[in-house]
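S.K.: One letter stands for each residue in the lines below.
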Amino acid sequence: MNPLLFLLIIPLLTIVGIAMVNDLAKVRWVSAIGMSAQLLISFVLLYLFYQQRSSGNTDDMLFVSTATWYESFNIQLKFGVDGISISMILLTSIVTFSGMFVSWQVEFLRKEFFISLIILAGGVFGFFISLDLFTMFLFYEMAVIPMYLLIGIWGSGPKEYSAMKLTLMLMGGSALLLVGLLGIYFNSAPEGGKLTFDLTEIAKVHIPLSAQLFFFPFTFIGFGVLGALFPFHTWSPDGHASAPTAVSMLHAGVLMKLGGYGCFRVAMYLLPEAAHSLAWIFIILTTISVVYGAFGAIWQKDLKYINAYSSVSHCGLVLFALLMMNETATTGAILQMISHGLMTALFFALIGMIYGRTHTRMINEMGGLMKVIPFLSVVYVIAGLASLGLPGLSGFVAEMTIFVGSFQHTDTFHRVATILACSSIVITAVYILRVVGILLLGPIKNNHYLELQDAQWFEKLSGVTLVVSIAIIGMSPFWLSSLIREPLNQMINHLTN
Amino acid sequence: MDFSYTILILLLPVALFFIIGLLGSKMNPKVSGMIGTSGLFIITLLSYVTAFNYFTHRTGEVFQSIEVFQFVWLPFTDRLVIHLGILLDPLSVMMLVVITTVSLMVHIYSLGYMKGEVGFARYYAFLSFFTFSMLGLVVATNIFQMYIFWELVGVSSYLLIGFYYERPSAVAAAKKAFIVTRFADLGFLIGILLLSFYTNTFDFIALTDLNGPAIAQSSGVVFLGMSVTTWAMLLIFMGGAGKSAMFPLHIWLPDAMEGPTPVSALIHAATMVVAGVYLVARLFPIYHFSAPGALEVIAYIGSFTSLFAAVIACTQLDIKRVLAYSTLSQIGYMMVALGVSGYGSEAGLGYMASLFHLFTHAFFKALLFLGAGSVIHAVHSNLMTEMGGLRKHMPITHITFLVACLTISGIPPLSGFFSKDEILVAAFEHHKLIFAVQWIVAGITAFYMFRLYFTIFWNSNPQYNHVPHESPPTMTIPLVILALASVFSGFVPFHDLVTSDGRALITEFHWIVAIPSVLVGMVGISFAAVLYYKKNSKPETVAKGLKAFYTMAYQKFYIDEVYLFVTHKVIFQFISRPIAWFDRHIVDGAMNLIGNTTVFFSGSIKKMQSGQMQEYIWYFTSGVLLLTLLIFYLN
Amino acid sequence: MNLQAEIPLDYMIVLSTIVFFVGLMGVIIRRNLITMLMGIELMLNAVNINFVAFNHYLFPHRLEGHFFALIVMAIAAAEAAIAIALIINIYRQFATVSVDDVDELKY
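Going down the list, the protein sequences come from chains A, B and C.
Our numbering runs 290 ahead of the 1-based position in the first sequence.
Our numbering runs 9 ahead of the 1-based position in the second sequence.
Our numbering runs 26 ahead of the 1-based position in the third sequence.
One chain only, chain A, in its complex shape:
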């Protein structure tokens, strides 16, 4: 049996399990077991992947299995993974696992909460293993829709507004995306023959240039909305601010990566010539994203807003690097996706935990938390340092790979863009240290914070999982970098020729 199917079966079984359990206390244990199994399976998958490779299997995609789903439109359920998808799957399992534990204390409609969360995760897993544009789109929608419920029901603040805004903007993106995907589909057989949604098949044909130029913006912006492409990023601050902790984690940590992944695997990979000729527009937009997001974060006062803007900046860097279209920069982009996913999930987890204790997210109302909740504060500092690109943590690896990769272009335009993007590391340091200084250090502002409790076991588990992942990537990036790089050679060749 194809091991990839477990990635879909386990969430399904977990949902069934949760639905059947009546005792609310047991619900979270069922989901915990399910998500741990998912994490385990991801690592097994990684092992199997290496095993296949070492036994000399050099296919682009491994564990490919196909089943016809809807004959007349040639829609297939086609699954398969390469190094990039495997690493994204690992990221998703880790973030889901810790997101699960962060929501340990959700009281209101607990059962429904966990079910929605797992549907979301299942959608993401499905997206990353799909090789068929239609199923990919299906899973994409499956991941986006539960977000509406999760924010609208379990959120805080102006939750209906934020949920609606987020969903509508993402749906708007989906609409563009659908046009793009259909455009690709109807041009997938320019010399006659059967139209197909199959990614690997489409990659072999040459889509007419005019069609590429027309449909590339649709596809790229469609995915870019989810990847917080300027100026379509404004759902991010509002959405994150209202979302419950685990949802923010999953959304910023994983869902936004769908955008980057899709931009690369669908928009650029399938429409390479258009990608080449239109890249400059999007390089400008992403450079703006990078710098603008970072500057925007300086002025914010709400922890979640700060992190949302920082996500805009970091995710901008992902798209920026992808558009550089060389092996190094693209490796960096994928590394950045993983690194940002872990980092931002950790940030949101910590913000949720701090909010749960102090009941405010305004940094100027808090101060000196290091003294009272040292565990959370230290982890927050580590997350901050990872975010500003300290060597030994994942952010550095990703950013440096991106910068070195981007610098391989010799023309002034790319150079200037790269240097501007580089400058974000300083601005990032400014806003991260500002938050750390105000929030964690200094004297305690409110005496009643003295009674705060430090992290409980599930919070520690969740935080430590993420910190360890960040540190492992940061200290020995070689394995991850080579895992990602492995399929890129062929893909970049396809892009540049």
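Mixed in with the good hints there might be a few duds.
[Stated by the list, open to error] Partial list, computed: chain B residues near chain C (C-beta under 8 Å):
id : residue
1  : Lys544
2  : Lys615
3  : Ile626
4  : Trp627
5  : Thr630
[Claimed, not checked] Below are the SDA-like pairs computed for lysine to any residue, each with C-alpha atoms no more than 20 Å apart in a straight line:
id : chain 1 : residue 1 : chain 2 : residue 2
6  : B       : Lys124    : B       : Glu175
7  : B       : Lys615    : C       : Val128
8  : B       : Lys616    : C       : Glu130
9  : A       : Lys661    : B       : Ser34
10 : B       : Lys616    : C       : Tyr133
11 : A       : Lys661    : B       : Glu175
12 : A       : Lys591    : B       : Arg593
13 : A       : Lys735    : B       : Tyr173
14 : A       : Lys661    : B       : Gly128
15 : B       : Lys615    : C       : Asp129
16 : C       : Lys132    : B       : Val608
17 : C       : Lys132    : B       : Phe609
18 : A       : Lys661    : B       : Tyr173
19 : C       : Lys132    : B       : Gln621
20 : A       : Lys735    : B       : Phe172
21 : C       : Lys132    : B       : Gln623
22 : B       : Lys616    : C       : Asp129
23 : C       : Lys132    : B       : Trp627
24 : B       : Lys565    : B       : Glu549
25 : B       : Lys35     : A       : Trp747
26 : A       : Lys591    : A       : Gly646
27 : B       : Lys615    : C       : Tyr133
28 : C       : Lys132    : B       : Tyr628
29 : A       : Lys750    : B       : Leu31
30 : A       : Lys449    : B       : Gly604
31 : A       : Lys591    : B       : His594
32 : A       : Lys750    : B       : Gly30
33 : B       : Lys616    : C       : Val128
34 : A       : Lys750    : B       : Ser34
35 : A       : Lys661    : B       : Val127
36 : C       : Lys132    : B       : Thr86
Just so you know, these hints were derived from the structure itself, not from any lab.
The beta carbon of each residue, even a glycine, is placed where N, CA and C say it ideally should be.
Please arrange chains B and C on chain A, whose structure you already have, making use of the hints.
M.R.: Frame of chain A; chains B and C shown alone:
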């Protein structure tokens, strides 16, 4: 010669960091201190063994660079790969000795100084982390490894400056130090990117190879009238200037004195702040052959900084700040020496002198800081106005501090005399103006150091709340050891060991430079003695006489205010705030506008749905009829 | 006897059309829910006439039209039951059976 044990020099401190950092809160503070100190003792011994083995096993005339080991950490492209490894050459071995010695002294000293502080274990964990990063920096085999550890020392400096994290001033100082150096590191990073792009390597040996891509096969690409190598080297120097607090990136160093005093001694006097000098020395062949313009800039900046900082040091009242500005000034000396140096044999005198000064400065400046720490420990104040007459209460501190002051003033035969003299000789031979500046600075140095010395240990006898007493042996022993090092390190045959091309250098004694430099030192000391030996009104008279200038210098020439204006007013208010507003109101407003437009249109047509069912049936029926008629008509 | 010879199909269609529009008018014009329901029944019956007539004239050897007519009757009965139940409930809720007053389901 097998040097594979040197890996322990890096692994031990990082192990100490994790042990103390993770288990420290569960241990008795004393135990964590002892673990840290004894671990560092082993590391120090290892470095000494390394140095001994390295310097006694010279093959032929030249010291070879040995890559003890290196492994691939992260590949970027086929050629650009970050390796981690250990490179032994005279420069790095010398730095190993300096860093471990000073670090060990600081570790021992802190056992007494930090006794009973909250976060004692954390302190030792950070110290180990810093030692690890600094050692990793100096043994780096390639420029990117150096950048990695460069960032790590930056963050350990941040953590240690902000050690008293409940004090807002410490937090602000830590933040400032990190951000200023980070800004400089941006230049460093871009410099690395440029350099590595045109040379296709990160490796130091390949970069500094005289026939290598950086020097002999320089790309010749020109950008804005300067060769791209010059640009790269200037940007790399920007990183060095940030870490070494050269003007105008010096503003963080005086504030960094908010950290515990032993930390100032270790990081902000002896080791980390000279990383910039080390960086320039490391890439010296490229500077000299491919970017002489950059080297000239270094000389001017170094010279200006040394003068500028020395003037400010004369006016400051906080003893640690005086020492901080003195550090700036001395690093300026080192930069000048590099800037005026040539390459190979006699021309390389400046290079040798710079590193020699780095070597001796590490000891006497650490000694000064630790002595100051001892005084602060006794008096519980940083301000020299609240001190005086301490020679009777603290004899050991007094003697060692005096030794250090004499050393920095360049009085023979103490070590500072030799190293400073070499620098002046190099400057004299190269550039008379710079020589003149450095000569004057030597006098000012002697003046402000003895101003400090006399005010603390002589002068008035203020009423202390409790009688100051000599520090415990854990603090005085390092003082004595460092005092001995300051006295005798001048006799190390440095010109045989650390030179620009690895060959021994024959130095001559230049009376023409030595005598004036000693004289100007004596003059400075005499002035200080006249003004500060006893409490009198002369200092105020002098200050009044130079009122405008004095105020300027006292306010550090308002550089901080300029920065504050740029960051707070320009960047925060004029960039960040409008962007935040723009995002909320324009970009997001546009999105909301789309939504609101939809709502408006739907509002205006929603009335069609009146709830009157029969209306719907009318619409429906008439629609059907119309369609039917249409079909008939079309047919 | 041969009905086809005496009464042509057109008569049937005209009859069913008249019945249908009478029903439709009843639904549209009358405000009373009960009479509207009767209108609906008339429309259904018009359909039934069509089914039976077409079946008989065009496909005399098949029975689908008759079956459909029967099914429509059954459905009409069920529908009447539900509709009357609804009307009774509406009456209880609003104390009226006039559609003009029952317009809660709107924008």
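S.K.: Please go over all the hints and tell whether each is borne out by the structure.
M.R.: Results for each hint:
Because the beta carbon of lysine 544 of chain B sits about 90 Å from the nearest beta carbon in chain C, more than 8 Å, this interface hint is broken. Satisfaction of the interface hint for lysine 615 of chain B is found here, the shortest Cβ-Cβ separation to chain C being roughly 4 Å, below the 8 Å cut-off. With 8 Å as the threshold, the beta carbon of isoleucine 626 of chain B comes within range of chain C, its nearest partner Cβ sitting at about 5 Å, so the hint holds. A hinted interface residue such as tryptophan 627 of chain B counts as satisfied when its beta carbon comes closer than 8 Å to some beta carbon of chain C; here the least separation is about 6 Å, so the hint holds.
About 6 Å separates the beta-carbon of threonine 630 of chain B from the nearest beta-carbon of chain C, less than 8 Å, and the hint is met. A distance of roughly 18 Å separates the Cα atoms of lysine 124 of chain B and glutamate 175 of chain B; the hinted pair therefore holds under the 20 Å criterion. For the suggested pair lysine 615 of chain B and valine 128 of chain C, the alpha carbons sit about 18 Å apart, so the restraint of at most 20 Å is met. Proximity of lysine 616 of chain B to glutamate 130 of chain C is assessed by CA-CA distance (about 13 Å); at most 20 Å being required, the pair is judged to hold.
About 14 Å separates the Cα atoms of lysine 661 of chain A and serine 34 of chain B, which keeps this hinted pair within 20 Å; it holds. For the proposed pair lysine 616 of chain B and tyrosine 133 of chain C, the alpha carbon gap of about 7 Å is at most 20 Å, so the pair holds. Between lysine 661 of chain A and glutamate 175 of chain B the alpha-carbon distance is near 8 Å, which keeps this suggested pair within the 20 Å criterion. Between the alpha carbons of lysine 591 of chain A and arginine 593 of chain B the distance comes to roughly 14 Å, so the proposed pair stays at or under 20 Å and holds.
Between lysine 735 of chain A and tyrosine 173 of chain B the alpha-carbon distance is near 16 Å, which keeps this suggested pair within the 20 Å criterion. Proximity of lysine 661 of chain A to glycine 128 of chain B is assessed by CA-CA distance (about 11 Å); at most 20 Å being required, the pair is judged to hold. Our distance criterion of 20 Å between C-alpha atoms is met by lysine 615 of chain B and aspartate 129 of chain C, whose separation comes to about 14 Å. The hinted pair formed by lysine 132 of chain C and valine 608 of chain B meets the criterion: a straight-line CA distance of about 17 Å does not exceed 20 Å.
Distance hint between lysine 132 of chain C and phenylalanine 609 of chain B is fulfilled; the C-alpha atoms sit about 17 Å from each other, no more than 20 Å. Pair hint lysine 661 of chain A plus tyrosine 173 of chain B holds up; C-alpha atoms about 11 Å apart against a cutoff of 20 Å. As the CA atoms of lysine 132 of chain C and glutamine 621 of chain B are separated by approximately 8 Å, the hinted pair is consistent with the 20 Å bound. Pair hint lysine 735 of chain A plus phenylalanine 172 of chain B holds up; C-alpha atoms about 19 Å apart against a cutoff of 20 Å.
Restraint check: the Cα-Cα separation between lysine 132 of chain C and glutamine 623 of chain B comes to about 13 Å, which is no more than 20 Å; the hinted pair holds. Between lysine 616 of chain B and aspartate 129 of chain C the alpha-carbon distance is near 13 Å, which keeps this suggested pair within the 20 Å criterion. A distance of roughly 16 Å separates the Cα atoms of lysine 132 of chain C and tryptophan 627 of chain B; the hinted pair therefore holds under the 20 Å criterion. For the proposed pair lysine 565 of chain B and glutamate 549 of chain B, the alpha carbon gap of about 18 Å is at most 20 Å, so the pair holds.
For a cut-off of 20 Å, the pair hint linking lysine 35 of chain B to tryptophan 747 of chain A stands: about 18 Å separates their Cα positions. Note on lysine 591 of chain A and glycine 646 of chain A: the hinted pairing holds, with a Cα-Cα distance of about 17 Å set against a maximum of 20 Å. With a C-alpha separation of about 6 Å, the suggested pair lysine 615 of chain B and tyrosine 133 of chain C falls inside the 20 Å cut-off, and the hint holds. Distance restraint check for lysine 132 of chain C and tyrosine 628 of chain B: the Cα-Cα separation of roughly 16 Å lies within the 20 Å cut-off, and the hinted pair is therefore satisfied.
Simply put, lysine 750 of chain A and leucine 31 of chain B have alpha-carbon atoms about 14 Å apart, close enough for the 20 Å limit, and the pair holds. Simply put, lysine 449 of chain A and glycine 604 of chain B have alpha-carbon atoms about 16 Å apart, close enough for the 20 Å limit, and the pair holds. Proximity of lysine 591 of chain A to histidine 594 of chain B is assessed by CA-CA distance (about 17 Å); at most 20 Å being required, the pair is judged to hold. For a cut-off of 20 Å, the pair hint linking lysine 750 of chain A to glycine 30 of chain B stands: about 17 Å separates their Cα positions.
The suggested pairing of lysine 616 of chain B with valine 128 of chain C holds, with an alpha-carbon distance near 16 Å, which does not exceed 20 Å. A threshold of 20 Å between alpha carbons decides the hint, and for lysine 750 of chain A with serine 34 of chain B the separation of about 17 Å falls inside it, so the pair holds. The straight-line distance between the Cα atoms of lysine 661 of chain A and valine 127 of chain B is roughly 11 Å, inside the 20 Å bound, and the hint therefore holds. Pair hint lysine 132 of chain C plus threonine 86 of chain B does not hold up; C-alpha atoms about 65 Å apart against a cutoff of 20 Å.
Consistency note: the structure conflicts with the earlier hints numbered 1 and 36.
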